[in-house]
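Student: For the sequence shown, counting from 1, position 79 maps to 79 in UniProt numbering; every step adds exactly one.
It is worth saying that the hints were derived from the structure and are not from the lab. Heads up, some of the hints might be wrong.
[Stated by the list, open to error] Result set (BS3-like, lysine-lysine): computed pairs, CA atoms no more than 25 Å apart in a straight line: (1) 59 with 29; (2) 59 with 36; (3) 230 with 241; (4) 69 with 59; (5) 59 with 17.
On a predicted model such as this, the values are computed, not experimentally measured, just so you know.
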Amino acid sequence: MLPSPQSSETQSTKPIKLRTACNPCNAAKVKCSGEKTGCERCRNLDGVQCIYTESRVGKVPGARAKKRKLQDGANSSRHVVPYSVSPSSSGHVRTPIHPAVVDSTEAVLNWTGDYHHPLEGSELVALDGAPVIFDEQGRPISNVKDPLYRGFSSIPGEYLMPSTDFGIDGFVESPVAMSSSRITPPLGAVSPASSPTSCLSQRSDIDSHCVLACAQVVISLENYILADVKVLGIILGVVRKAVDRLSELVNMQQGTRNSRFLDQLNVILNQIIDLFERGCSSFLDEDYTMQHSSLSDQLNVQSMSSCIPGFALGGFHAGRQEQCAWRAHVIQKEIQHARELLHQMRILITWSPPENACENQARELCYDNFDMRLRDLSERVGQRKAEFCQT
Numbered sequence: 001m002l003p004s005p006q007s008s009e010t011q012s013t014k015p016i017k018l019r020t021a022c023n024p025c026n027a028a029k030v031k032c033s034g035e036k037t038g039c040e041r042c043r044n045l046d047g048v049q050c051i052y053t054e055s056r057v058g059k060v061p062g063a064r065a066k067k068r069k070l071q072d073g074a075n076s077s078r079h080v081v082p083y084s085v086s087p088s089s090s091g092h093v094r095t096p097i098h099p100a101v102v103d104s105t106e107a108v109l110n111w112t113g114d115y116h117h118p119l120e121g122s123e124l125v126a127l128d129g130a131p132v133i134f135d136e137q138g139r140p141i142s143n144v145k146d147p148l149y150r151g152f153s154s155i156p157g158e159y160l161m162p163s164t165d166f167g168i169d170g171f172v173e174s175p176v177a178m179s180s181s182r183i184t185p186p187l188g189a190v191s192p193a194s195s196p197t198s199c200l201s202q203r204s205d206i207d208s209h210c211v212l213a214c215a216q217v218v219i220s221l222e223n224y225i226l227a228d229v230k231v232l233g234i235i236l237g238v239v240r241k242a243v244d245r246l247s248e249l250v251n252m253q254q255g256t257r258n259s260r261f262l263d264q265l266n267v268i269l270n271q272i273i274d275l276f277e278r279g280c281s282s283f284l285d286e287d288y289t290m291q292h293s294s295l296s297d298q299l300n301v302q303s304m305s306s307c308i309p310g311f312a313l314g315g316f317h318a319g320r321q322e323q324c325a326w327r328a329h330v331i332q333k334e335i336q337h338a339r340e341l342l343h344q345m346r347i348l349i350t351w352s353p354p355e356n357a358c359e360n361q362a363r364e365l366c367y368d369n370f371d372m373r374l375r376d377l378s379e380r381v382g383q384r385k386a387e388f389c390q391t
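Make a model of the complete structure from these sequences and hints.
Tutor: Structure below.
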């Protein structure tokens, strides 16, 4: 005898599984006796309805499933090849960008990642107080509690700053003389008007990536300026990282010179000089010598009081004059690094087409102003270094 459709329907439906705890006990985070007709706690309380909701066991993914799903989504997004729309195509045909271009531009765009110097524990000027972070309206929203500035921004959750664990010894390298050997015009370079459509599209994508990378650098440096950071060690590390990234971007602009990119470079270089002047203000101050002298004397007394054979340097330590002269050498080297970037920018605009001659003249005047400010700051640091060496 075949079962009726009604009997098969009743057999296929599964009973609804309820939670072991009622809603009031679950909300109060207390143990529930579990009687479906009414638990003991709800019976003792007046006006409380003992209601059991459907259990979600087996219906909601757990923590491992959610984590696995996020990892799968991240892995799938990494293999997506970006496409660009060719301007001359009428059917909106997408042409893939060269993988080498994608890798280089992604590396440049991620310049604000963690910055770890190989040598840590430098004896730079200590942070007197944590700077106040402001929102877009200029109102203080939080204080930075980490003395190493592990990352902060004026907008919470955005534009994380690079870490600043670096040592002063990492800057001690022979200063690189300014020369035009770093940037050389590409062989067989053709003008944009005679390039194929695919090359023009690829060139436009590279220009856009460079402009976006410059925008990230502008935002990050402006956040440091907004937070009024004046710690010499932090400023030197941030400026050095920014100059290195800008050098990579300038090398990517060898084929064509984008005006938006050049305008962004002017803004960034102005920010870098401003940060230099902020960081060197305490070093060039007359009171810096006395403050550093007292700190150095305290450190020397502590080192001499703990003369453990084989562990301490004993009497072989850098004095006040040597430490101040060392800092002056580091500052001058980073200023030279920025002037080298400025020299690369001068070479870049000389390759511009003749119709941009007036624009190039205006940029030359701006670069002359930047170079004068950097040279003046370097001379002041050099004079301060001479004073330390004489005392």
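Student: It remains to establish, for every hint, whether it holds in the given structure.
Tutor: Tested hints:
1. 59 with 29: holds (22 Å)
2. 59 with 36: Roughly 22 Å between the alpha carbons, so the hint for residue 59 and residue 36 holds.
3. 230 with 241: holds (17 Å)
4. 69 with 59: Distance ~16 Å between residue 69 and residue 59 Cα, so the pair holds.
5. 59 with 17: Holds: residue 59 and residue 17 sit about 12 Å apart, inside 25 Å.
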